[in-house]
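Same order as they appear, the protein sequences are chains A and B. Note that full-length UniProt numbering gives residue 145 to position 145 of the first sequence, counting from 1, and the numbers run on in steps of one. Note that full-length UniProt numbering gives residue 136 to position 136 of the second sequence, counting from 1, and the numbers run on in steps of one.
Please note: incorrect hints may appear among the correct ones.
Said to hold, decoys possible - These stretches of chain B come out as covered by chain A in the derived footprint (C-beta under 8 Å, 3 or more residues):
| # | region |
| --- | --- |
| 1 | 4-18 |
| 2 | 119-125 |
| 3 | 219-230 |
| 4 | 248-262 |
Treat the hints as calculated values from the structure; they're not laboratory data. All figures in this text were calculated on a predicted structure; none of them were measured in a lab. Glycine is no exception: its CB is placed at the ideal position from the N, C-alpha and C atoms.
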Amino acid sequence: MIWVILSLAFWAGAWAANVRLSHSAMVQSRAGRLAVPALFGVTILVVWEGMVRGLGVPGVILPPPSAIAARFGAELPTLWADFRQTFVKGALSGYAIGCGAAFLTAIAIDRSPFLQRGLLPVGNFVAALPIVGIAPILVMWFGFDWQSKAAVVVVMVFFPVLVNTVAGLAASERMQRDLMATWGASYWQSLLKLRLPAAMPFVFNGLKIATTLALIGAIVAEFFGSPIVGMGFRITAEVGRLGLDMVWAEIAVAALAGSAFYGLVALIERRVTFWHPSQRV
Amino acid sequence: MNRVLPVLTVIGVIVAVWYAATVWMNRTWVYDQAARDGVEVSFAQLVPATLNQERPVLPAPHQVVTELVKSTFGMKVTSKKSLVYHGWVTLSATLLGFAIGTGAGVLLAVGIIHNRAMDLSVMPWAIASQTIPILAIAPMIIVVLNSIGVQGLLPKAIISAYLSFFPVVVGMVKGLRSPDAMQLDLLRTYNATGSETFAKLRLPSSMPYLFTSLKVGIAASLVGAIVGELPTGAVAGLGARLLSGSYYGQTVQIWAALFAAALVAAALVALVGVIEGRVLRRMGMAR
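Bound-form chain A, shown alone:
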């Protein structure tokens, strides 16, 4: 009982602190902006820990964060192997192939308005479909190892990147294109020096959407068959053994990998599209 009361007290205290923080001048600063969500995150962890301990929730339903952290530390080699199998081999290679193919396809159909008018609605339609469902087929074709996961990722990231790139290539303004024409710029010069740079905010929008899709595709494809390593395999296997602390540790890895991947792409975006209004501070 003492755990429950303590965690509720911590919650009340942290919330009061957050309310004061968010109405004070601190919040204008960068530190203040980070402190409020950080405090909220810590509160959730403390309340989680307190409730699980105080109410005696069994570990097979919800393990406390401390147990998850302990398991995380103890199983680092396994987690690292799973991470390499799923993220580095499956998701990253699929992401590179899928985004590259989509980008090249977009440039290839750039000269044909006919193909664009046809491909854009189809691409938009496919982007809304539950493409994850293609995983069992690709697992049959490419085997259980990472190649099939990469193939799922390729299919999943292709259409969002394609649609965004095609939209981006149309984003430069008429005046700017006319200016290039008055300089006698060839198609490729105008593409490289005006239209591709102007397309970059759109391209990166697609690339950012694709980061999440890549991880989802790689993990879910493992639910349909995998070698005995990988994040999706470990999650299903440990769920079956009721080792939920290990499942949560894998989820923590997936969350870290997902946000780090997204953050990396966002960082590159900031470097590449420094001129765009949304990147100016």
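Given the coordinates of chain A, work out where chain B should sit on it, guided by the hints.
Same frame as chain A, now just chain B:
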């Protein structure tokens, strides 16, 4: 109308490539059979043999469509082989989860715009959570809820709700914040209270944003319901059809389930689109 022809062309090209790939991918089996029987197969014999196999590596489009039609209209709706039955199992979980997720998302968004502390503490997490592969926790939710006695529709609906929740929160917060300072000032000169401002200005102007998120959310809900069916061991639903098809090598069945899922997804997104069109026109916001 000038889009119909290009779209049809692209679809035609896709179907043609598909047929070519069918011949190419299924030929090994035909050649193996022929070698076993000690006969040579010509190309003219190869093509029909690859297009009508029982368990092809890649089924031809007409096989998928035949299977889809057969298992949609040719079976009793209650039959375990009927795609209508499996589709309904998935659809009901999707819709329940979508309703829960959207309701909770709108409520949280309202809280966020009225409470500064909540905004600052919850919003960064809601945005960050979109970069996380949430779907990975689906098996755990199913098994945990199962072990405390919750079975059937609800666990899948919770995964669906979880997936549609965050897009709705983010979109709705953006929408409720979309009135500009001038409009808010006008309502202040009318001496409008907070709830009047909310009902007469913020809520109506959030509608376009809400519907955009609803389209994302309902597609995500369907994916959640399908993935939620995997760990229960292929009992019922479109996800179960995918899984049992992959266990037994029934490729035609997998493709038919996949197409059924695609049709359901397209119908759901189109339905939200139609409602969006109606609502925005009634509110005078149609573009």
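Item to complete: State the violated hints by number, sorted upward, taking the hints as numbered earlier in the document.
Response: Those not satisfied: there are none.
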